[in-house]
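Undergrad: Chain residues, written in single-letter form:
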Amino acid sequence: NAGVTQTPKFQVLKTGQSMTLQCAQDMNHNSMYWYRQDPGMGLRLIYYSASEGTTDKGEVPNGYNVSRLNKREFSLRLESAAPSQTSVYFCASSAFGTASFYGYTFGSGTRLTVV
Amino acid sequence: SQQGEEDPQALSIQEGENATMNCSYKTSINNLQWYRQNSGRGLVHLILIRSNEREKHSGRLRVTLDTSKKSSSLLITASRAADTASYFCATVWETSGSRLTFGEGTQLTVNP
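First to last, the sequence lines map onto chains A and B.
The opening position of the first sequence corresponds to residue 963 in the working numbering, with each subsequent residue numbered one higher.
The opening position of the second sequence corresponds to residue 23 in the working numbering, with each subsequent residue numbered one higher.
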């Protein structure tokens, strides 16, 4: 099925461990985004990639790094996980210049717990 | 800080009733979008309204936008139990390219 695929769906980390969240889309979209969602809150933008080869910080980038591996894939890395990074992480994509017309397509999320 | 603030935070209605959710924002926007999130799932795009539009319809959904008051409303008519979900407004600022900024959401419960 076409869309945005995130892996893993669930993960438990110990404080200080590192991990990479994977995201891939098969819709030939140019732009990709990483958001986090905390209980009772909306989504906050961590990093985004407007097009292949570019990445920019969003609202809450501290503690994260990203890689736009190619047009399809956009990964999010936690170098040294902290309990404050316990959250649900969503990847999204949009065709270049068309978020204003068609919105984003979201993945189903990665539920991360840091203990 | 969150761009959008939604009201109410939670809404519980009976099947067949209409549900109205409101969203306010702070800066000038290109467009405003509404998304639905079922429990434990990702967000699904519902409808988009551009800054030069005042009202838009899609099936049972009606969205209004008042740029002078920096507010929008989402009306779901003849609600169904399957409409139970969280609803988020999201704005594209004039200066933010294609980035979306989300509100905190309204939890809608439709009782059968």
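Think of the hints as simulated: they come from the structure by calculation, not from any bench.
Predicted, not measured: the structure shown is a model, and the values here were computed from it.
Among the hints, a few may not be true.
[Unchecked claim] Simulated pairs of lysine to any residue, SDA-like, Cα-Cα distance not exceeding 25 Å:
hint, chain 1, residue 1, chain 2, residue 2
1, A, 971, B, 89
2, B, 92, A, 1020
3, B, 48, A, 1033
4, A, 971, A, 1040
5, A, 976, A, 1015
6, A, 1019, B, 107
7, A, 1033, A, 1046
8, A, 1019, B, 78
9, B, 92, A, 1021
10, A, 1019, B, 49
11, B, 48, A, 1023
12, A, 1033, B, 67
13, A, 971, B, 115
14, B, 78, B, 62
15, B, 48, A, 1040
16, B, 91, A, 1040
17, B, 92, B, 104
18, B, 48, A, 1021
19, B, 48, A, 1006
20, A, 1019, A, 1050
21, B, 78, A, 1057
22, A, 1019, B, 91
Undergrad: Hint by hint, say whether it matches the structure.
TA: Okay, the hints, checked on the actual structure:
1. Straight-line distance between C-alpha atoms of residue 971 of chain A and residue 89 of chain B comes to about 39 Å, which puts the hinted pair past the 25 Å bound.
2. As the CA atoms of residue 92 of chain B and residue 1020 of chain A are separated by approximately 23 Å, the hinted pair is consistent with the 25 Å bound.
3. Only pairs whose Cα atoms come within 25 Å are accepted, and residue 48 of chain B paired with residue 1033 of chain A is rejected, the gap being roughly 33 Å.
4. For the suggested pair residue 971 of chain A and residue 1040 of chain A, the alpha carbons sit about 16 Å apart, so the restraint of at most 25 Å is met.
5. With a C-alpha separation of about 32 Å, the suggested pair residue 976 of chain A and residue 1015 of chain A falls outside the 25 Å cut-off, and the hint is violated.
6. At roughly 30 Å between alpha-carbon atoms, residue 1019 of chain A and residue 107 of chain B are farther apart than 25 Å, so this suggested pair is violated.
7. Using a Cα cut-off of 25 Å, the hinted pair residue 1033 of chain A and residue 1046 of chain A is violated, with the two alpha carbons roughly 30 Å apart.
8. At roughly 33 Å between alpha-carbon atoms, residue 1019 of chain A and residue 78 of chain B are farther apart than 25 Å, so this suggested pair is violated.
9. Of the supplied pair hints, the one linking residue 92 of chain B and residue 1021 of chain A holds, its CA atoms being roughly 21 Å apart against a limit of 25 Å.
10. A threshold of 25 Å between alpha carbons decides the hint, and for residue 1019 of chain A with residue 49 of chain B the separation of about 20 Å falls inside it, so the pair holds.
11. Simply put, residue 48 of chain B and residue 1023 of chain A have alpha-carbon atoms about 22 Å apart, close enough for the 25 Å limit, and the pair holds.
12. As the CA atoms of residue 1033 of chain A and residue 67 of chain B are separated by approximately 22 Å, the hinted pair is consistent with the 25 Å bound.
13. Distance check on the hinted pair: residue 971 of chain A and residue 115 of chain B sit about 31 Å apart at the alpha-carbon level, beyond 25 Å; violated.
14. For a cut-off of 25 Å, the pair hint linking residue 78 of chain B to residue 62 of chain B is broken: about 28 Å separates their Cα positions.
15. The straight-line distance between the Cα atoms of residue 48 of chain B and residue 1040 of chain A is roughly 32 Å, outside the 25 Å bound, and the hint therefore fails.
16. About 40 Å separates the Cα atoms of residue 91 of chain B and residue 1040 of chain A, which puts this hinted pair outside 25 Å; it is violated.
17. Straight-line distance between C-alpha atoms of residue 92 of chain B and residue 104 of chain B comes to about 30 Å, which puts the hinted pair past the 25 Å bound.
18. Between residue 48 of chain B and residue 1021 of chain A the alpha-carbon distance is near 16 Å, which keeps this suggested pair within the 25 Å criterion.
19. Simply put, residue 48 of chain B and residue 1006 of chain A have alpha-carbon atoms about 16 Å apart, close enough for the 25 Å limit, and the pair holds.
20. Among the hinted pairs, residue 1019 of chain A with residue 1050 of chain A is consistent with the structure: their alpha-carbon atoms are about 18 Å apart, no more than 25 Å.
21. The straight-line distance between the Cα atoms of residue 78 of chain B and residue 1057 of chain A is roughly 22 Å, inside the 25 Å bound, and the hint therefore holds.
22. With a C-alpha separation of about 30 Å, the suggested pair residue 1019 of chain A and residue 91 of chain B falls outside the 25 Å cut-off, and the hint is violated.
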